[in-house]
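J.: From just these sequences and the hints, can you work out the full model?
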Amino acid sequence: MATMTQSIPAASEQKESVLRRVLSNGSLVIGLIIVAIIIFAAVFAHWIAPFDPLHVDPLARYQRPFSGWHILGTDEIGRDILSRLIYGARFALLVAILPTLIALVIGGAIGLLAGYAGGIGDTVIMRVFDIMFAFPGILLALGISAALGPGLTSMIIAMVVVTIPAFGRIVRGVVLGIKEELYVEAARTLGYSHARIALRHILPNVLGPAVVYGTLQTGRNVILSASLSFLGLGPQPPTPEWGQMLASGRTAIATAAHVATIPGLAIVLLAIGFNLIGDGARDMMDPRFTKERS
Amino acid sequence: MLSFILNRALQIIPVIIGVTIATFLLAQIIPGDPADVLLGSTASEETRQELRTALGLSEPVYIQYGIYLKNLLQGDLGQSFTFAEPVTQVLVSRLFNTSLLAIAAIILASIVGVAAGTWAALKPGSIRDQGLSVVVLFFNSMPSFWLGLVLILIFGLHLRLLPVGGMDDATGSLAGLAAHMVLPTFTLAAWSLAVIARMTRSAILDVINSDYIRTARSRGVSEARIVLRHALPNAMPTVITVIGMQMGFLLSGAVLTETVFSWPGIGLAMYQAISTRDIPLIQGGILVLAIAFVLINFVVDILYAYFNPKIKLA
Amino acid sequence: MTMHSNAAPSPAAPILEVSHLGVAYGNDARKVQVVHDVSLAVSPGEALGIVGESGCGKSQTMLAVLRLLPRGGRVSGGAVRFDGRDVLALSARDVRGIRGHGLALISQDALTALNPAMTIGTQMAEPLIHYDGVSGAQARKRCAELLDLVGIPGATSRLGSYPHELSGGMRQRALIAMAISANPKVLIADEPTTALDVTTQAQILQLIDRLRRDLGMALILITHDLGVVAGVTDRVAVMYAGRVVETATTEDLFASPRHPYTKALLDSTARIEGQVSDRLSPIPGLPPDPRSPVSGCAFHPRCSYVRDVCHQDLPQLVDGIAGGEHPVRCFVDPFVTAPARRAGEAAR
Chain P
0 MATMTQSIPA ASEQKESVLR RVLSNGSLVI GLIIVAIIIF AAVFAHWIAP FDPLHVDPLA
60 RYQRPFSGWH ILGTDEIGRD ILSRLIYGAR FALLVAILPT LIALVIGGAI GLLAGYAGGI
120 GDTVIMRVFD IMFAFPGILL ALGISAALGP GLTSMIIAMV VVTIPAFGRI VRGVVLGIKE
180 ELYVEAARTL GYSHARIALR HILPNVLGPA VVYGTLQTGR NVILSASLSF LGLGPQPPTP
240 EWGQMLASGR TAIATAAHVA TIPGLAIVLL AIGFNLIGDG ARDMMDPRFT KERS
Chain L
0 MLSFILNRAL QIIPVIIGVT IATFLLAQII PGDPADVLLG STASEETRQE LRTALGLSEP
60 VYIQYGIYLK NLLQGDLGQS FTFAEPVTQV LVSRLFNTSL LAIAAIILAS IVGVAAGTWA
120 ALKPGSIRDQ GLSVVVLFFN SMPSFWLGLV LILIFGLHLR LLPVGGMDDA TGSLAGLAAH
180 MVLPTFTLAA WSLAVIARMT RSAILDVINS DYIRTARSRG VSEARIVLRH ALPNAMPTVI
240 TVIGMQMGFL LSGAVLTETV FSWPGIGLAM YQAISTRDIP LIQGGILVLA IAFVLINFVV
300 DILYAYFNPK IKLA
Chain U
0 MTMHSNAAPS PAAPILEVSH LGVAYGNDAR KVQVVHDVSL AVSPGEALGI VGESGCGKSQ
60 TMLAVLRLLP RGGRVSGGAV RFDGRDVLAL SARDVRGIRG HGLALISQDA LTALNPAMTI
120 GTQMAEPLIH YDGVSGAQAR KRCAELLDLV GIPGATSRLG SYPHELSGGM RQRALIAMAI
180 SANPKVLIAD EPTTALDVTT QAQILQLIDR LRRDLGMALI LITHDLGVVA GVTDRVAVMY
240 AGRVVETATT EDLFASPRHP YTKALLDSTA RIEGQVSDRL SPIPGLPPDP RSPVSGCAFH
300 PRCSYVRDVC HQDLPQLVDG IAGGEHPVRC FVDPFVTAPA RRAGEAAR
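Chains as they are written, first to last, in numbering that gives the first Met the number 0: chain P, 0 to 293; chain L, 0 to 313; chain U, 0 to 347.
I should point out that these hints are in silico values taken from the structure, not numbers from a laboratory. Mixed in with the good hints, there may be bad ones.
Claimed, not checked - Covered by chain L, according to a simulated footprint, are these stretches of chain P (three or more residues, beta-carbon under 8 angstroms): (1) 51-65; (2) 118-130; (3) 140-151; (4) 230-240; (5) 270-281.
We treat Cβ as the ideally placed atom computed from N, Cα and C, and that holds for glycine.
T.: Take a look at the structure:
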């Protein structure tokens, strides 16, 4: 009894301690700052970008960074790299966050249903997930993206499909764990409907781990989307997209290295931002989830 | 142990069948007329019609899958129009190169990763431990193709120490091969190295506070032996599982690394196939790499059991 | 302060002597003191019991003696002398020489105390081969003899077994065999029977007792159960909230317990002789959390003899008014003073 009352502090106290825990978590704070800066750039791209990201200037090709009006130099057809980076932040954030959200909702719903209902349906879904896990890393995304034809939409679909199983498994695992816990038993004997038990009792418990995993997956999606773009499966030129900028700058690596390396730095920075947030959020959560598959 | 292996072998059969279904379905989601995509736009109407009949495109999906599976069992993965060769031939001739790179990378990632993770776990919270976590963060936030480019820039173009692409020098010597392997191997290994280091560290820290570690210490066993003979073996099952999973990332990462370094493997062929939408080659490449991954995990399961004496009995 | 631990007659100079030892966790800003000013001594061949509820600091004291405190823990004061050497000042290399060879430890749960990934033989032989430089074959022979000595049947074949392949009692025997493998001078047994069933408990206690006598080791038996020390140890130290509260010969302690805590412990213990106490009363309340120390005598919130002085002042470990070699840390002598309030009231 004594431990029960100790573990549930007053609501105001809890809120305050969450804020304090966020602020005392260095990696979480740094991650949030990095991502906030990139979000700011994406939202206000129109105002802060010094040039038109699509403006071609054949007379100003391959200008070095800090050598003139173009702070980060220009690319192979004289476009301003800084402006393209700023506009590219929109795509980078979109293809990192949107597939995560969609996969979280779909995978979470599948996991919730499979875990709660159990039985044959659960077995079949888990078998399908097993098969999808048999495809290493980005291969399946590459295949789906290539089959559907290159472009933003097919890239997002591909990313969603390959990340659904991980969300499904995590949510299912949590559901199985808490399904048998006392309060659910109690709710069941009180005659609540299945939908009510699933939504009111299980969903809130699932949310934490799913969101933590989602943040970590967002960091991985930054890399996954950049990789697909690099292979030519993302938004097509002249769209300012970081992975694609890097790929087209690659040919001039010997003479104008900045064209390829600078977009790469942007990718690294965004991935670090999301990874720091994910690590921080994971540390604040139950340590159980630190052992989930990476 | 033998029955354990047989049991596992039986379990992977449905997974492999599932993998073939998934790769088969890839061709099904192609929008428009598959014949256009499968043959390229230059093919004549006659060859298209031939292909439609051969694939049974007018038949129900399960019949089409049957045809796909039958062809597959005969080693027929279709025709690659990029290479103007059967897909099987393209893949087989390049499988060795990809394996060479992937094996070199997993060896590098495992040895350095386990060593670094163990080294950090000896003094948790120390400068070197925090240093490792920063390196891990960077390695896990870097796209491999960018790391590859930076390495090419530094070691290939500026320092002129190492070749920047391809697999052999003009002489075809072993030293030439080794020199060509250095940068791609490191590029491919970086991500996995970081994951293995992180997981080794946490696996060792999980066991280092165990009672049996205290028992060994209380009997005067040296710290070095404590870590190497007591903590590490008990952390091994976790570490092996992680290494096995990393093999998957290495096989898929090969597409990017081979592209950056023009390494003549399956991945580079698949990259070339993407721009021409050579779907049969992409399909075949995915199938081969996925099955390789399943088989590697089968071996990993057996190793896991070997390192975990409690499973041997079961 | 005098060396109260030497109060009971000790024929020889102590082999292990702990004086005014303190153990603390955390930094200075948030320090948690789990052991305060503990002094103990054992002579060669002597058996000392340390009794107290879990969390009273008895295991922490012994881990400090072995320099095996977990991360975050440190010795905050005092000294440990083993065989004339200052243990706390030894180099890491020299401590290794004392562990196993001088001081050996038997942990409570043999299942977790044995390495699950190593055969019994391998882990037994490890220090013999790698510290003492015994050859593999000789070490193997020695290990088989030891397993035989602790009563494991088919000793040689058991060397190749993994811990999970043995029964609980056999595992505990194997752990004991490992502890005595390097002929230690002091055997420290930390709750060696807690994880076992009652029949096996008695067998293991008998085994430890027999080995001590046969091999001439000193024994420190740590337990929460006064019944365990009866008939095994020569002397007993009772610990409460990180302090020694009473030391006496085992006989004296059972016959005339003087600290209210000891008395309460005895009341809550079924007498091992079989004569079940007519009133088996558990001690009301819980021991204090070392993170929020209690003022005065740490036992006062649970004590039936509590007086005003107990709330503010910490009693010293001194010989009571009854006299004799029986120091006690209490302002009250329960055998001269009637309870200040009833036991039931103390639970409030």
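J.: Decide, hint by hint, whether the structure agrees.
T.: The hints, checked one at a time:
no. : hint    : in the structure
1   : 51-65   : violated (count 0)
2   : 118-130 : holds (count 4)
3   : 140-151 : holds (count 8)
4   : 230-240 : holds (count 3)
5   : 270-281 : holds (count 5)
Hint compliance for this structure: hint 1 alone is broken.
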